[in-house]
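The numbers in full-length UniProt numbering rise by one with no breaks, and the one at position 48 of the sequence shown is 48.
There could be a bad hint or two in this list.
[As the list claims (entries may be wrong)] No more than 27 Å apart at the CA atoms, straight line, and that leaves these computed lysine-lysine pairs for BS3-like: (1) 418 to 324; (2) 410 to 324; (3) 448 to 326; (4) 93 to 182; (5) 347 to 93; (6) 324 to 420; (7) 319 to 410; (8) 448 to 420; (9) 320 to 278; (10) 393 to 278; (11) 326 to 418; (12) 418 to 347; (13) 182 to 278; (14) 400 to 420; (15) 400 to 410; (16) 375 to 324; (17) 393 to 418; (18) 186 to 93; (19) 212 to 182; (20) 442 to 400; (21) 448 to 410; (22) 448 to 375; (23) 445 to 420.
Just so you know, these hints were derived from the structure itself, not from any lab.
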Amino acid sequence: MAGGLVVRKEVRQSGGSGKSNNDASPHSESGQGPKLSQQANLTGFAPVDTGVPTFPPDEKTKNRALYSYFLSNEQVIEELLHRNGVRFNEELKSIPSRWPLEKHETLPYARAINCGEARGAQVFKVLDSSREHIQNRGELIRLYNRLAASLYKLHGEHLNRFTITTFEHREQQERLLGWLYKEIFKPDHSPPVFGVVNLPYSDWYLDDTRMKIGATQVELINYFAQNIQQADETVAHTAHHVFEAYEEQNPMSYAAINQSNNSFREDLDQISTQPCIKASMQFFSSLAEDSDYKWFRHAVITKLNPHFSLIEMSTDVLKKMFDKAKVFKSSLRSYHPKLPIAMFFGKTKHDQNALRMINSRDGTLLSEEYYIIPKFRILLKTVDHLHVNTLEKLSIQGSKSRRMRYDSLKFLAEEITKPKVGLPLIGTCEAVNGDVAPWYDKSYKNFKLFGELQLKMLEYLTEDLTNARMMNVSAYSLAIWYYHHHPSYLRHFTQGPSFPMPFELCICIAHTGHCPSLDKAKAHIPKEIIKH
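Could you build the full structure based on these sequences and the hints that come with them?
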C-alpha cells in the first residue's frame, strides 16, 4: 500500500528489546573470511540472457550464502561494501531524533516534526516489527550490510554474463550501491525510508501525491523493520525485488554494457596460443600420457630421495612468501570479480597489502599448510618427472640436467611469488590509490596484471585436482619455461611425424610479432628462413 490514514500515537525511542540507539558501528575487525561472489566462472560470458538471476527463496542457508562471505562477525570486510556501510551509518546518525511520532496506518513507518534547524520539516523513520519502537540503529546497520552484500553478489553474477573489464564491473557496482543509498535516503518520488523532507506537514491522505510511498520504499521499509533472524529468511526475496527495480530504472546502463567490446584481460580464453607453444604442449602432453606421472598425485618424496632437495627448494619459496603475506580473518579486502584471488589491505597506509588465493567456490582463504603447498608440491613433482624424461630425449645429463631441472622448478615458484610482469598470486604489493585493488584501479588499465602461466596455475591451485588438469598445467609449464629460457630446444618438440609444423616455420610465424623469444632463437635459424 502506497499511503493511507494514520493513527496518531506516541512511539518510544527505544524499548522492550533493550536495544540502544547508540550502538557502535559494526566495522570492527574480527571474524571469518568470505565467499567469492562473482566467482561463477573464471571466464567472461558472452552477452546472453540479461534477466535477473534467480535463486531458491525460503531457504535460510541459501539466503545467508548471499551475504555471509562479505561479512565477518557482522562486520563488512569487502572494501566497496565497507565504504558504503560507513556512509549508511553516518547518514543515519545525521537524522535528528524527534517524537511524538505519527505512525503509518499499514507500514512499520512513522514521521515527526523536526524542531531543530529545519523547523517544520518532516522526519521519517522505520519502526521495529512490534511497531512500538523506532528500529535500533545497530540493527539497521546489520540489516543494511546483509542487503547490500546480497545485492552486490546478485549484481556481480549478473555482470559476469557480459564481457566487460574489471573497471566497468566496479563502476556498475558503485552505481548500484549509490542508487540504493538514494532510494533509502533521498528518493525522487517518495518520502525517504529514513530522512528529513522539507515539506509542509500534511496528513497522509491517499490522494496526496507528495506522501505517496514508492514500491521500492515499501519493500525497504518492511525489510528494515525486521530483526536479524527474520532477515535471514527474507533477504534473498528483498534483494531480488530491489534489484529488479534497479534494473528497470537503469535500462540504458545495461544497454551500454551489452554493446561493450571490452574484454577481460586475464580471461583464460584470451591466453595467446603460439604455434610453437601448441606444438610443445602436444609433445609434453604425449610424453605425460606415456609416463607414470599420475603416480605423483599420491607419492611422498622423503629426504633420502635424490629429488627431494629440488622439490623442497622451490616449495620453501612459497612458504617464505606465505610468512610475509600473512592476513587476518578481519582484514579489509577486495575480491577479483572473475578470478579466485583477493587483495587484503594492511591496517595502516604504511602496511603492505597481501595477495592471496581463495576458494573458487566459497571464497574462503585457501590454507597454506593443507591446500596450496601440497598441491604445489604435486605440481613440482609432476613437472620434474616430465622434465627428466624430456632431458633424456635431449641427451642432456649430469650437472646441466640438474641445473635445468632446478631452474624450471624455481621458475614456477617465482611465477607465483615474484613474477617479472604483473602481480603475484601469493605475495605483497602496494595499492596506488589507497584501498582500491589494482584490478579496479584505472592506473593499471594498460597493464596485464596476471600472466598466462599464472592463470593456469591459479586455476590448478584453486580448483579440484584432476589428472587432466594436472597434465595440462604440467605440460604448459614446461612449454612456457623452454619458450622463455631455452627457445633453441623448441625445434625438438615441433618436428617429427606427430608435429608437422617445422620449428623454422614456427619461428617464422612468431616473427610477425607474436613471439618474444625470437631474438634468442635467431642464432639457430637460417637467414633465408627469417627473410621469408
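Hints versus structure:
1. 418 to 324: The hint holds at about 13 Å.
2. 410 to 324: holds (18 Å)
3. 448 to 326: holds (25 Å)
4. 93 to 182: holds (16 Å)
5. 347 to 93: holds (25 Å)
6. 324 to 420: holds (19 Å)
7. 319 to 410: holds (13 Å)
8. 448 to 420: Since the Cα atoms of residue 448 and residue 420 sit roughly 12 Å apart, the hinted pair holds (cutoff 27 Å).
9. 320 to 278: violated (34 Å)
10. 393 to 278: holds (19 Å)
11. 326 to 418: holds (16 Å)
12. 418 to 347: holds (23 Å)
13. 182 to 278: Roughly 53 Å separates the two Cα atoms, so the pair is violated.
14. 400 to 420: holds (24 Å)
15. 400 to 410: Holds, at about 15 Å.
16. 375 to 324: holds (20 Å)
17. 393 to 418: At roughly 31 Å apart (the allowed maximum being 27 Å), residue 418 and residue 393 break the hint.
18. 186 to 93: holds (15 Å)
19. 212 to 182: holds (17 Å)
20. 442 to 400: violated (45 Å)
21. 448 to 410: holds (22 Å)
22. 448 to 375: holds (26 Å)
23. 445 to 420: Status holds; Cα separation ~18 Å.
Violation of the numbered hints given earlier is confined to hints 9, 13, 17 and 20; the remaining hints are satisfied by the structure.
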